[in-house]
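Asker: Chain order of the listed sequences is U and X.
Residue numbering for the first sequence follows the numbering used here, beginning at 589 and increasing consecutively.
Residue numbering for the second sequence follows the numbering used here, beginning at 289 and increasing consecutively.
Worth double-checking, as some hints may not be accurate.
[Stated by the list, open to error] Calculated from the model, a selection of chain X residues having no Cβ within reach of chain U, i.e. all distances over 12 Å:
#, residue
1, PRO305
2, PRO307
3, PHE351
4, ARG360
5, ASP364
6, ARG367
7, ASP381
8, VAL385
9, ARG391
10, ALA392
11, ALA399
12, LEU418
13, TYR429
14, GLU434
15, VAL442
[Claimed, not checked] Pair ranges (Cβ atoms, derived):
#, chain 1, residue 1, chain 2, residue 2, range
16, X, PRO403, U, ARG605, 26 to 34 Å
17, U, GLU597, X, LYS309, 53 to 61 Å
18, U, ALA700, X, THR422, 29 to 37 Å
19, U, ASN661, X, PRO341, 34 to 42 Å
20, X, THR422, U, SER640, 14 to 22 Å
21, U, LEU591, X, GLU340, 25 to 33 Å
22, U, SER596, X, LEU427, 40 to 48 Å
23, U, ARG659, X, THR432, 40 to 48 Å
24, X, GLU430, U, ASN661, 47 to 55 Å
25, X, ALA398, U, ASN684, 15 to 23 Å
26, U, GLU597, X, VAL335, 41 to 49 Å
27, X, GLU340, U, ASN661, 40 to 48 Å
[Said to hold, decoys possible] When the alpha-carbon atoms are kept at most 30 Å apart in a straight line, the in silico DSS-like pairs for lysine-lysine are as follows:
#, chain 1, residue 1, chain 2, residue 2
28, U, LYS603, U, LYS619
29, U, LYS603, X, LYS324
30, X, LYS324, X, LYS379
31, X, LYS379, U, LYS655
32, U, LYS619, X, LYS324
Derived from the structure by calculation, the hints contain no laboratory data.
Note that the Cβ used here is the ideal one computed from N, Cα and C, for glycine as well.
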Amino acid sequence: VELQVTFSEDIARVKLRGRLDTPGVDQVEAKLSSAVLNGGGRSAVVDLSEVSFIASMGLRMFISIAKALRRQNAMIVLFSPQSQVDEVFNTAMLRNILPVVADEAEAIRFAAG
Amino acid sequence: MKQRRSALPRADAARPPVPAKNRWAVTVTNDLHGLKHGLEALETWLVAHDVEPETENRARLVFEEIVSNIARYGFDDGRRHPIEIAGVIGKRDLTFVFDDAGRAFDPRKAAAAQPAATLADAPIGGRGLLLVRTAASRLDYERTAEGHNRLTVVLARH
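The shape of chain U in the complex, shown without the other chains (with noise of 0.2 Å):
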């Protein structure tokens, strides 16, 4: 799995790429909340539309990271899956905890409240 993390003033954009598995999970997990748990309080913007395949390990890894990003006051807000991963979203029912958006501008001003 590919991880691209770039901050502006108030937002971490994080754009991943491959398959949200386990081993890909394993491979990604620790940067991606290290990178986005220090971004001092500043939500995270997750650009999905390149990540072919996710299992339940990539749902608990962005449930985590939204209840430590709450801590901070912060939210995680995800966009543009694709239509396998979105049928995985509406099965786990994860659109009741988390924001599922279709683009980047929408999750920008969603996490800006």
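Mind docking chain X on chain U? Use the hints.
Answerer: Okay, now just chain X, sitting in the frame of chain U:
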């Protein structure tokens, strides 16, 4: 991990025999290394049979969730154990049989994660079973006389 030939799943006497080329079997260890190589072998098999992407995605999801669940919770002695997986590709469905000697676990009866209304109420994990039950068109489980879990998962092809 080693590729192997297996009698699993057994042919149904009421159906014509499944051609050998449509059968697949692999043995992986109950750890991250085993899961990773099992997923790679699964992908090779599915791609070679030109399985449609939506079915391939569900097959990958089921394989991932079941093998990782066995690796995490099946054994508590810290040792490596084999997990045997057999697959059959049919015209209408894809069948997997997972066999392990870990503690008895019937995923049809285990409690799956309940939907949470808020992030604060949501458990971090526990969604794998829900994903497997949703992806599968049929789940069968038996605890064998040898003390193995044998889980059969049928995925409709579409």
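Asker: Is the distance from the Cβ of PRO403/X to the Cβ of ARG605/U consistent with 26 to 34 Å?
Answerer: holds, 30 Å
Asker: Would you assess whether VAL385/X, listed as outside the interface, keeps its beta-carbon beyond 12 Å of every beta-carbon in chain U?
Answerer: Non-interface label on VAL385/X holds, nearest chain U Cβ at 20 Å vs cutoff 12 Å.
Asker: Mind verifying the non-interface call on PRO305/X? Its CB should be farther than 12 Å from each CB in chain U.
Answerer: Fine: 33 Å to the nearest Cβ keeps PRO305/X off the interface.
Asker: Hey, does PHE351/X actually stay past 12 Å from chain U on C-beta?
Answerer: violated, 9 Å
Asker: Would the least Cβ to Cβ distance between ALA392/X and chain U come out above 12 Å?
Answerer: For ALA392/X, whose nearest Cβ neighbour in chain U is about 22 Å away, the distance exceeds 12 Å, so it holds.
Asker: Check the following: the C-beta atoms of GLU430/X and ASN661/U are separated by a distance inside 47 to 55 Å.
Answerer: holds, 51 Å
Asker: Does the no-contact call for PRO307/X survive, Cβ to all of chain U over 12 Å?
Answerer: holds, 29 Å
Asker: Verify the proposed pairing of LYS324/X with LYS379/X, using a straight-line Cα cut of 30 Å.
Answerer: Satisfied, since the Cα-Cα distance of roughly 27 Å is no more than 30 Å.
Asker: Going by Cβ atoms, does ARG360/X stay more than 12 Å from chain U at every point?
Answerer: Violated, because the least Cβ-Cβ distance between ARG360/X and chain U comes to about 9 Å, which does not exceed 12 Å.
Asker: Looking only at beta-carbon atoms, does the pair GLU340/X, ASN661/U fall within the given range of 40 to 48 Å?
Answerer: For ASN661/U against GLU340/X, whose Cβ atoms are near 45 Å apart, the range 40 to 48 Å holds.
Asker: Is the Cβ of VAL442/X farther than 12 Å from every Cβ of chain U?
Answerer: holds, 18 Å
Asker: Using Cβ atoms and 12 Å as the threshold, tell me whether ARG367/X really stays out of contact range of chain U.
Answerer: holds, 20 Å
Checked against the numbered hints listed earlier, the structure breaks hints 3, 4, 12 and 31; every other hint is satisfied.
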